[in-house]
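Colleague: These protein sequence lines are chains L and B, in that order.
Heads up: the first sequence at position 38 corresponds to 38 in our numbering, and the numbers run straight through without jumps.
Heads up: the second sequence at position 90 corresponds to 1090 in our numbering, and the numbers run straight through without jumps.
A couple of the hints might just be wrong.
Claimed, not checked - Anything over 10 Å on all C-beta distances counts as not near chain B; from chain L, calculated:
1. 48
2. 70
3. 90
4. 103
Unchecked claim - Computed cross-link-like contacts, DSS-like style, restricted to lysine-lysine with a CA-CA straight-line distance of at most 27 Å:
5. L/67 x B/1065
6. L/103 x L/67
7. L/98 x L/41
8. L/3 x B/1007
9. L/98 x B/1007
10. L/68 x L/56
11. B/1065 x L/103
12. L/98 x B/1065
13. L/37 x B/1007
14. L/37 x L/57
15. B/1065 x L/3
16. L/40 x L/67
17. L/67 x B/1007
18. L/41 x L/68
19. L/40 x L/68
20. L/40 x B/1007
To be verified - Covered stretches of chain B (in silico footprint by chain L; criterion: 3 or more residues with CB under 8 Å from a CB of chain L, positions within the stretch not fixed):
21. 1015-1026
22. 1034-1048
Since the hints were made in silico from the structure, they are not lab data.
C-beta: ideal position from N, C-alpha, C; glycine also.
This is what each chain is made of:
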Amino acid sequence: EDKVVQSPLSLVVHEGDTVTLNCSYEVTNFRSLLWYKQEKKAPTFLFMLTSSGIEKKSGRLSSILDKKELFSILNITATQTGDSAIYLCAVALGGSEKLVFGKGTKLTVNP
Amino acid sequence: SAVISQKPSRDICQRGTSLTIQCQVDSQVTMMFWYRQQPGQSLTLIATANQGSEATYESGFVIDKFPISRPNLTFSTLTVSNMSPEDSSIYLCSVRQGALTDTQYFGPGTRLTVL
């Protein structure tokens, strides 16, 4: 069974802290890994990663994939209260249209 | 990315009734999908909405319970039939804009509560 596991499940930090969110996967036919931010209802796209070791960066957010060890991390530096959300990791499967999602990490950033 | 709208944004329904959720995209897209997110759980794919033909359902989801239509490349509906409290969830449509990307963009979601 294809599995995506995120850790921690929840995290509380203070503004200005740096956080690292983890995503490990065990799937039959890996094609790519995606990160989303979910506030309220709709997930918004952050990154798509297909190659190991190549960091993707957008402002204070960055992510990297390790296809040998089957995991990805999402880093957020200098956190702000607006970063409070659930961060979802998903894996796209080869030969399928399906995205398999992890349960998410709930990040709370306190002022 | 495409602009996606969903209607209704939320609803409270009685057991045994049905609700149809609409998903509209502002541009033609190759793929449309329907997901469910039960309370405290992650997103689970219900089905891929195929234009002009029957949807492709994931294991555990059936057409009689979740009939889907996709009459053109910008619009799809999901019906939740004969509802029970276990159907209380957020229902999300998503789109993919080409065959060369795995990125899916999500609509704003419909929060359904069944009493």
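Colleague: The structure should be examined with respect to each hint, and the outcome stated for every one.
Modeller: Hints, one by one, checked against the model:
1. 48: Violated: least Cβ distance 5 Å, not greater than 10 Å.
2. 70: It holds; residue 70 of chain L is separated from chain B by about 17 Å at its closest Cβ, greater than 10 Å.
3. 90: At roughly 8 Å from the nearest Cβ of chain B, residue 90 of chain L sits no farther out than 10 Å, so the non-interface label is violated.
4. 103: violated (5 Å)
5. L/67 x B/1065: Answer violated: residue 67 of chain L to residue 1065 of chain B is near 38 Å, above 27 Å.
6. L/103 x L/67: Satisfied, since the Cα-Cα distance of roughly 20 Å is no more than 27 Å.
7. L/98 x L/41: Status holds; Cα separation ~20 Å.
8. L/3 x B/1007: violated (31 Å)
9. L/98 x B/1007: holds (24 Å)
10. L/68 x L/56: At roughly 18 Å apart (the allowed maximum being 27 Å), residue 56 of chain L and residue 68 of chain L satisfy the hint.
11. B/1065 x L/103: The given pair, whose Cα atoms are some 25 Å apart, holds under the 27 Å limit.
12. L/98 x B/1065: Given pair residue 98 of chain L, residue 1065 of chain B holds - Cα atoms ~20 Å apart, limit 27 Å.
13. L/37 x B/1007: Roughly 22 Å between the alpha carbons, so the hint for residue 37 of chain L and residue 1007 of chain B holds.
14. L/37 x L/57: Holds - the C-alpha atoms of residue 57 of chain L and residue 37 of chain L are around 15 Å apart, at most 27 Å.
15. B/1065 x L/3: Roughly 26 Å between the alpha carbons, so the hint for residue 1065 of chain B and residue 3 of chain L holds.
16. L/40 x L/67: Answer violated: residue 40 of chain L to residue 67 of chain L is near 31 Å, above 27 Å.
17. L/67 x B/1007: Roughly 39 Å separates the two Cα atoms, so the pair is violated.
18. L/41 x L/68: Given pair residue 41 of chain L, residue 68 of chain L is violated - Cα atoms ~33 Å apart, limit 27 Å.
19. L/40 x L/68: Status violated; Cα separation ~34 Å.
20. L/40 x B/1007: Cα-Cα ~16 Å, so holds.
21. 1015-1026: violated (count 0)
22. 1034-1048: Contact hint for the segment 1034-1048 of chain B vs chain L: holds, 6 residues under 8 Å.
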